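Q: Residue-level listing of the chains:
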Amino acid sequence: MNEINIKVAVERGLKKRQARERRFRLIGKSAIFTGLGILALLLTSIIWNGMGAFWQTRIALDVEFDSSVIDPEGNRSTEALYKANYTALVKASLRKAFPDVKKRRDKRKLYSLISNGAGYELRDLVLQNPALIGQTQRIWLLADDDVDTYGKHFRDKEDKTGTRLNAKQIAWLATFEKSESIQQNFNTTFFTAGDSREPELAGIRGAVMGSLYTLLVTLALSFPIGIAAAVYLEEVAPTNRWTDFIEVNINNLAAVPSIVFGLLGLAMFINFFGMPRSVPLVGGLVLTLMTLPTIIISSRAALKAVPPSIREAALGLGASRTQTIFHHVVPQAMPGMLTGTIIGMAQALGETAPLLMIGMVAFIVDIPGGPLDPSTVLPVQIFLWADSPERAFLERTSAAIMVLLVFLILMNLIAVKLRRKFEQRW
Amino acid sequence: MQTLAHTSENRSAELFSVAIDPADTQVTESTDVRPQTVGKPLIESASDIAISCRNVDVFYDDKQAINDVSLDIGKNQVISMIGPSGCGKSTFLRCLNRMNDTIESCKVSGDILLDGDNIYDAKQDVVPLRARVGMVFQKPNPFPKSIYENIAYGPRIHGLSRSQAELDLLVESALTRAGLWKEVKDRLDKPGTGLSGGQQQRLCIARAIAINPEVILMDEPCSALDPIATAKVEELIDELREQYTIAIVTHSMQQAARVSQRTAFFHLGNLIEVGKTDQVFTNPVHNLTEGYITGRFG
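These protein sequence lines are chains A and B, in that order.
Counting in the working numbering, the first sequence runs from 33 upward without gaps.
Counting in the working numbering, the second sequence runs from 4 upward without gaps.
Quick caveat, the hints were computed from the structure, so don't treat them as lab data.
Since the model is a prediction, treat every value here as computed from it, not as a measurement.
It is possible that some hints are incorrect.
[Said to hold, decoys possible] Straight-line distance between alpha carbons at most 16 Å, and here's what the computed EDC-like set of lysine to aspartate or glutamate pairs gives:
{"hint": "1", "chain 1": "B", "residue 1": "279", "chain 2": "B", "residue 2": "51"}
{"hint": "2", "chain 1": "B", "residue 1": "235", "chain 2": "B", "residue 2": "171"}
{"hint": "3", "chain 1": "A", "residue 1": "115", "chain 2": "A", "residue 2": "98"}
{"hint": "4", "chain 1": "B", "residue 1": "188", "chain 2": "B", "residue 2": "175"}
{"hint": "5", "chain 1": "B", "residue 1": "142", "chain 2": "A", "residue 2": "344"}
{"hint": "6", "chain 1": "B", "residue 1": "148", "chain 2": "A", "residue 2": "98"}
Please take these sequences and the hints and turn them into a complete structure.
A: Shown next as structure tokens:
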């Protein structure tokens with residue numbers, strides 16, 4: 033009797049249980065697919081918007097390296113070659129290509145097809161090879177960003193509203209096209225130049241180097257300090273009211289909005305200690321303050337996870353507390369500590385707000401050569417470009433995001449490698 | 004502390020259904036009220052004593068875990084400590100190499116003398132103490148390193164070898180004495196945690212004897228092992244007796260009977276009875292001991 037009852041009872045409930053399990057699986061799967069979908073959407077939109085930044089329009093012109101313009105005194109001194117008016121050469125060759133353009137206004141429009149940076153390109157060519165002077169050569173010159181944007185977004189469209197080129201300029205571009213004097217090349221400027229007001233001259237290198245120096249400072253400070261604090265608090269310090277107080281405060285610091293750390297950095301490092309503004313050193317110090325709680329908390333968790341039997345084994349052999357900690361406990365906890373550190377570093381890499389406070393938002397053209405040179409960082413560069421009106425900066429914004437993501441992936445790869453190295457898999 | 008000792012005393016007195024015969028007690032010195040240990044907790048000839056404990060009390064915060072225990076541990080002997088769970092036998096064992104220091108709330112009072120030096124003396128450093136009094140734990144706990152590194156670690160931190168060859172010899176000797184050399188000699192660079200449970204425990208014993216301690220403490224060394232591995236460890240304990248003094252805590256009375264020469268029975272933090280193993284198991288004096296070894300409680 034009893035047996036039958038339980039069988040019936042179980043079977044009655046079985047369908048419900050199975051349905052519940054199916055439902056749970058479905059919810060789990062849909063959660064994962066939603067997440068993946070959003071990620072895919074994000075990445076495609078970034079790549080879609082940003083791919084264009086890796087290509088840059090160039091226009092070929094027959095440039096006459098007129099010695100009367102470049103080197104009127106004829107002594108070929110580097111200083112003279114450096115200071116010469118190369119823009120005049122560009123303008124002259126444009127006038128030669130379109131001899132019918134007579135009106136001043138039209139001329140100005142014509143000149144604006146070529147980037148302001150084209151003169152510098154010519155200068156570099158001449159400095160490299162002074163034998164060019166006096167010759168006439170076909171040179172691919174950097175086009176203005178309006179030309180670039182037109183080629184990428186408006187050329188193939190009927191409706192040309194939104195382009196900043198006028199009908200005459202469009203006609204001139206068509207002429208270039210006919211003579212195959214216009215093409216899109218891989219945009220090396222983007223990877224080698226610093227920031228610029230001209231989109232076609234703007235590059236990410238300054239921000240990348242700034243981020244690199246900032247993170248190096250952050251890592252060099254927060255890793256040893258964080259690990260030392262965690263080891264001391266977890267392994268050595270007695271549990272009393274003081275350590276409880278410290279622990280509560282570390283947990284609170286982890287939840288403090290990052291901009292507050294920026295204000296602290298401004299008040300302390302710049303105003304009180306008189307450190308320079310906008311430099312990676314101060315950025316690194318501020319981000320160290322910000323990442324320390326993360327590193328300490330996760331390192332303590334990693335230390336806690338080391339089985340007490342390992343400690344007992346070492347202590348029982350007569351190892352001192354320090355030997356036990358550094359020979360056994362810390363090596364065992366190292367992978368977990370590295371994970372915490374890399375989470376902190378990733379956070380630091382993506383941080384913008386505190387760096388705005390210490391002036392790393394300034395417009396800086398030069399590529400920083402060290403942690404004491406003014407610079408900006410990748411997320412701030414993204415913020416600056418996203419704020420710019422030119423359409424060409426839009427694609428550079430997305431491209432900068434891609435560079436940031438690649439930077440992040442590289443950092444994580446290094447972390448995974450290090451983890452593997454430290455992990456004792458037995 | 005005294006008041007606490009009293010309460011504990013009263014409680015255990017209630018449990019004692021039979022009064023203790025004062026003729027059988029061998030308690031020294033003070034005439035304070037205290038639990039009476041029957042049998043022979045002390046050894047007369049000082050040269051036979053490895054560790055001598057007098058009036059040891061252990062508190063975890065306010066809770067008393069060990070109540071006024073006086074016991075001598077004889078040289079080149081195995082003494083087993085038996086008793087029901089929570090009777091304080093492990094706590095007492097861990098006092099002997101100050102492993103209790105790692106527990107913040109643990110307070111030990113009384114004298115524990117190793118070669119005449121009080122190990123709880125303020126000047127005593129635990130490092131040389133633990134080098135002289137080794138320990139094997141309940142669960143095999145090899146380091147997550149190679150077999151070789153497991154054995155070599157102790158000699159290395161204590162500077163027992165001057166060269167790699169000497170260290171190799173030490174490792175081989177320790178593994179041989181632990182009866183493990185033949186089984187592992189071809190895989191010394193393999194992880195110690197990859198061995199079977201019994202082998203791991205013998206590895207831990209080898210690790211302990213690699214630094215040549217005077218006393219080895221074993222805290223239920225076979226409780227996680229199968230009968231065959233247990234038999235091997237017991238055999239090993241018997242062999243080690245020639246060179247070392249061994250104090251073993253065990254749950255298994257058969258094991259105590261097999262490996263030890265003296266047996267100490269603990270109950271609720273009190274040392275109830277100490278005597279020759281044969282005598283304790285065949286002819287216990289105290290009725291609590293009798294009740295425990297005949298299986299009436301446990």
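Q: Give a verdict on every hint.
A: Evaluated hints:
no.	hint	result
1	279(B) / 51(B)	15 Å, holds
2	235(B) / 171(B)	24 Å, violated
3	115(A) / 98(A)	14 Å, holds
4	188(B) / 175(B)	8 Å, holds
5	142(B) / 344(A)	11 Å, holds
6	148(B) / 98(A)	76 Å, violated
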